[in-house]
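A.B. asks: Listed below are the residues making up each chain.
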Amino acid sequence: MIPMENFLLLSAVLFAIGFYGVLARRSAILILISVELMLAGVAINFVTFATYLDSQAFSGAIFALFVITVAAAEVGLALGIVLRIFRERQTANVDEVDTLKW
Amino acid sequence: MRDILGHSLNFQYELLLPEIIIAITATLVVGADAFRNELRLGRRILPWLSVIGLVAALVVSLLWIDTQRNFARLITIDNYTTFFRVLFTATAIVVIVGSHEYVERHIGHIGEFYALILLSTVGAIYMAAARDLLTAYVAIEVLSFSLYVAVSLARNDPRSGEAALKYTLLGGVASAMLLYGLSLLYGVAGSTQYTEISGALAAGTGGMTLPLILGLVLIVAGLGFKASAVPFHMYTPDAYEGAPLPITAYISATSKAAVLALFLRWFSGPLLPALPDWQWMVALIAVLTMGLGNLVALQQRNIKRLLAYSSIGQVGYMLMAITTVSVVSASALLLHIGGYLVTNLAVFMAVIAFYNRTGTEEISGFRGLAQTNPYLALVITAGMFSLGGMPLLAGFLTKFILFTAAADGGFLWLATFAVIMSTVSLYYYLQVIKQMYLYQPDGDARRWRLSPTGYLTTAVLLAGTVVLGVYATPLYTLADRATRVLFV
Amino acid sequence: MLTVFLFLPAAGALMVALLPRERSHEAKWVALAFSALAFLTSIAVFLRFDRDAVGYQFVDRFEWIRAGTAGFSIQYVVGVDGLSAALVLLLGLLTVVSVLISWNIEARTKEYFAYLLLLETAVAGVFVSLDLIQFFLFWELELVPMYLLISIWGSGRKEYSAMKFLLYTLAGSAFMLVGFLMLGFAAGTFDIAALTAQPPTEALVPLSLIFWAIMLAFLVKLPVFPVHTWLPDAHTDAPTAVSVMLAGVLLKMGGYGILRIALPILPNEARDFRVALAALAAVSVIYGAIVTLQQKDLKRLIAYSSVSHMGYVLLGVSAMGALGLSGAALQMFTHGAITGLLFVMVGLVYDRTHTREISEMSGLIHRMPLIGTVMLVAGLASLGLPGMAGFVAELTTFLGTLEAHPAATIAGIFGVVLSAGYILWMVERVFHGPPTERWAGLTDATAWWERTAMAALVLVILAVGIYPALLTETIAAGVAPIAQIVGAA
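Protein chains in written order, with the numbering used here: chain D, 1 to 102; chain Y, 1 to 488; chain X, 1 to 489.
Treat the hints as calculated values from the structure; they're not laboratory data. Some hints could be false.
[Said to hold, decoys possible] SDA-like, lysine to any residue: derived pairs with alpha carbons at most 25 Å apart: (1) 296/X <-> 367/X; (2) 434/Y <-> 440/X; (3) 434/Y <-> 361/Y; (4) 296/X <-> 440/X; (5) 164/X <-> 30/Y; (6) 164/X <-> 439/Y; (7) 434/Y <-> 444/X; (8) 164/X <-> 63/X; (9) 164/X <-> 301/Y; (10) 296/X <-> 109/X; (11) 434/Y <-> 296/Y; (12) 434/Y <-> 108/X; (13) 434/Y <-> 10/X; (14) 434/Y <-> 163/X; (15) 434/Y <-> 427/X; (16) 434/Y <-> 424/Y; (17) 434/Y <-> 229/X; (18) 164/X <-> 268/X; (19) 164/X <-> 17/Y; (20) 434/Y <-> 109/X; (21) 296/X <-> 108/X; (22) 164/X <-> 291/Y.
Kindly generate the complete structure, drawing on both the sequences and the hints.
C.D. replies: Structure below.
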């Protein structure tokens, strides 16, 4: 059986890459994708723990399902807002969206 | 019915009746708005429909005073839940009644506006009521998603979309951090049920200390984001400034209170055994939040941004009560949340009424308000003095009890810092009061009146601010009863 | 009865505020009626005060906030002893005087009188509260009307001065609240009588820290060097009536707080630091007097003389004996009446000359003999001429402190000499000398309200000077228990 640590490492790496992306990327779409990466890491974590530690109730797996669903909803919502901004200013770059003090 | 582990589950849907009513009302509101022409309805009907639904929910939620039941081990119905049910539905009612004129003028999608307020209220209530990490998470997202959209609803204001974008992206990051923390917590405790987490943590973490601490850091950071605690507050002033005013009011009230309610539920229950691991973190962000929020507020020129920073400062005071978690500080926190909601809404409703008339958000725009509308100036003054902790108003008393609870809990330095910051805060509130009372109005110096609903909401909230400041014992008793169920 | 006294002005403020706009000229009559009623109540309190009884009198009490599990409660409890009875009387008198000399206020009349009455309630609350938290409530409440009064109806750099006043007091009171909290926790009660009976012996932090946290607020208010700088600004820019209230009763809040709270509740710490307090007092007296000598502005001169004179209060306190404390309490009362009168007179002069530069005035007594005479009376009282109120207070103070702090007392006596210098110099420059053309058209005080205000204060000053027992017995009855506590410590 593959040791649990491998999965946890994978999820940590995904989460870290996503977090780096959030900090480094300036396009709203890419930031959104990075957030999705972070959430993917979370889902893997939940499933791993559910499989290895909580095989009876697998509430972690259910949690992962919810995370995926909610993440999808979030993408839809965020894209809607990005669209609105794009229509107003022809850009999706967060640095150029700066009417407010960031 | 039983689940896999043999717990008996009861699916008593009547326990969820208040939220079901609110959700159905939300659907009706959207539907009525969509088919307005076919049904020959005026737009005026929407706010009243929402208020009727909320009042019904509020009345129904009073059925479960002093009960201790749960829905399928996911949601608890106890006094704590009832306290926040009443608080959040009442807040939603006040916001809707106080802002319907603003909504007609400045909001693009009226039906969605009311529906989102209703749905976010459901999310807020379940944040206080959850007894499983999963329900809590879903509740957080119900609240957050509704607000992301609501922030973007201002018509003809480019700041609105921008604020919504920032709020959504950073909110997403915060959720991801919170979730990662929760997944680690799940890994350490082996369950998502509050009761079992608490048991597992109390029994010892068995060499899993590092994941636990990492998880706690991420949880505190994620919740800190949602509560706009420093250093996770960056989006708050922008979201406040860009959002339509009623939504700003709503975020500063319900959203803050809901996160604090969740904070308290978690840190007094499932996470209490890990107290030594998280206490310093919360104390740290409490200090940062109080300090930075109040100091940056000193330089603001826009009333929304001023209130944003002031509300950050207020969150700092509330986090102090989480730090010293105990029955005393928990009931002090609930009392303070109650007082803060009343006071803060009083200020916001007055600012909305002011904006309806003048269309300005600049603090200098308040010049001479004491002469053009002395009543409104009085409401804002009372509200700001109360937020600043002036005696005989709600803010002083609730803060006072909160600070004593912190000092009592062994965090004297924190309470001392809070007292000093509270004094600092009076300075920037005074800047607004100064504009209203010391100067002559620019240009139009005629007297003007509020609309009847404007008078109604501000008068009720003003009365609440004064009554709580003079006689808070009833609310304290309620808060005390609500928090008793947390520590068993 | 005290509750009536406490809330009568507040009720008056409410009534003034609710007057319809077209009847705003009636505001002053309403204010006068309510302040007169309050004054009568304060006289009744003073007369019916039983000097032989022990403890507080006219006590009204109910539990205000019961924080169930937190283990403490906040009460509404008011009561007076000999000390506060005298100050309540002074407050009642000076408010009437303030209303009278505000008779000419034209701008935003309603608000003005409402704030003035609210100010009376707040200060009254400080003098009669017997619960630390309630004391703090009124202490803070006083800031609001005061800030608005100075910054709206003041002159010169009024906003700056009002804000400076506010910030100094707020900074002090923040520390005071922290100190109160720690005292309350250590003892489990906020009741002043209970705390006095059983002072806490230890707290979360050293008691001496608490002592200084609380003293800071009182010393700022008193004020003593080096935290006095707000006072000249506030006085100079405040309208006349507000200066009267400020000098007459607001400064007394500091001295009262020391006598009521700092000394009896923390007697050991007070004794430990008595030399430091005496030194502060001596520096204040001398420094205040020297700076006063250099003033060119009439109002600023009186303001700095207040710093000097309030130094005597602290000096009396630092002796920690019955005589010294009596002297301090007496000095508070007489300084209130005398400096109140001085500010009234300066206000009347300014109303006529529209300048406060001493160098521009000359020979005014030829144009306004009455004002000149009363000013002379007030000035002589201020420098401590026998037969006037100031003499009694200063003599008692010095007698009380001579043994404990000889050096500081000598400094204090030297301060009296200096005050004779600046008062006489001021009277000489302003009222004597050749009459000039510029002031030829001035009229004397003729309006009834001007005369009533002057007469009332002159009467009090002379009465206390000639027959001090009127006041001293009551004050001594109030001070005796405090002296006993600090003396025994």
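A.B. asks: If a hint holds in the structure, say so; if it does not, say that too.
C.D. replies: Here is how each hint holds up against the structure:
no. : hint            : verdict
1   : 296/X <-> 367/X : holds, 22 Å
2   : 434/Y <-> 440/X : violated, 41 Å
3   : 434/Y <-> 361/Y : holds, 16 Å
4   : 296/X <-> 440/X : holds, 22 Å
5   : 164/X <-> 30/Y  : violated, 54 Å
6   : 164/X <-> 439/Y : holds, 19 Å
7   : 434/Y <-> 444/X : violated, 38 Å
8   : 164/X <-> 63/X  : violated, 36 Å
9   : 164/X <-> 301/Y : holds, 21 Å
10  : 296/X <-> 109/X : violated, 31 Å
11  : 434/Y <-> 296/Y : holds, 19 Å
12  : 434/Y <-> 108/X : holds, 15 Å
13  : 434/Y <-> 10/X  : holds, 22 Å
14  : 434/Y <-> 163/X : holds, 10 Å
15  : 434/Y <-> 427/X : violated, 38 Å
16  : 434/Y <-> 424/Y : holds, 16 Å
17  : 434/Y <-> 229/X : holds, 23 Å
18  : 164/X <-> 268/X : violated, 33 Å
19  : 164/X <-> 17/Y  : violated, 56 Å
20  : 434/Y <-> 109/X : holds, 18 Å
21  : 296/X <-> 108/X : violated, 31 Å
22  : 164/X <-> 291/Y : holds, 22 Å
In this structure, the hints that do not hold are numbers 2, 5, 7, 8, 10, 15, 18, 19 and 21, in rising order.
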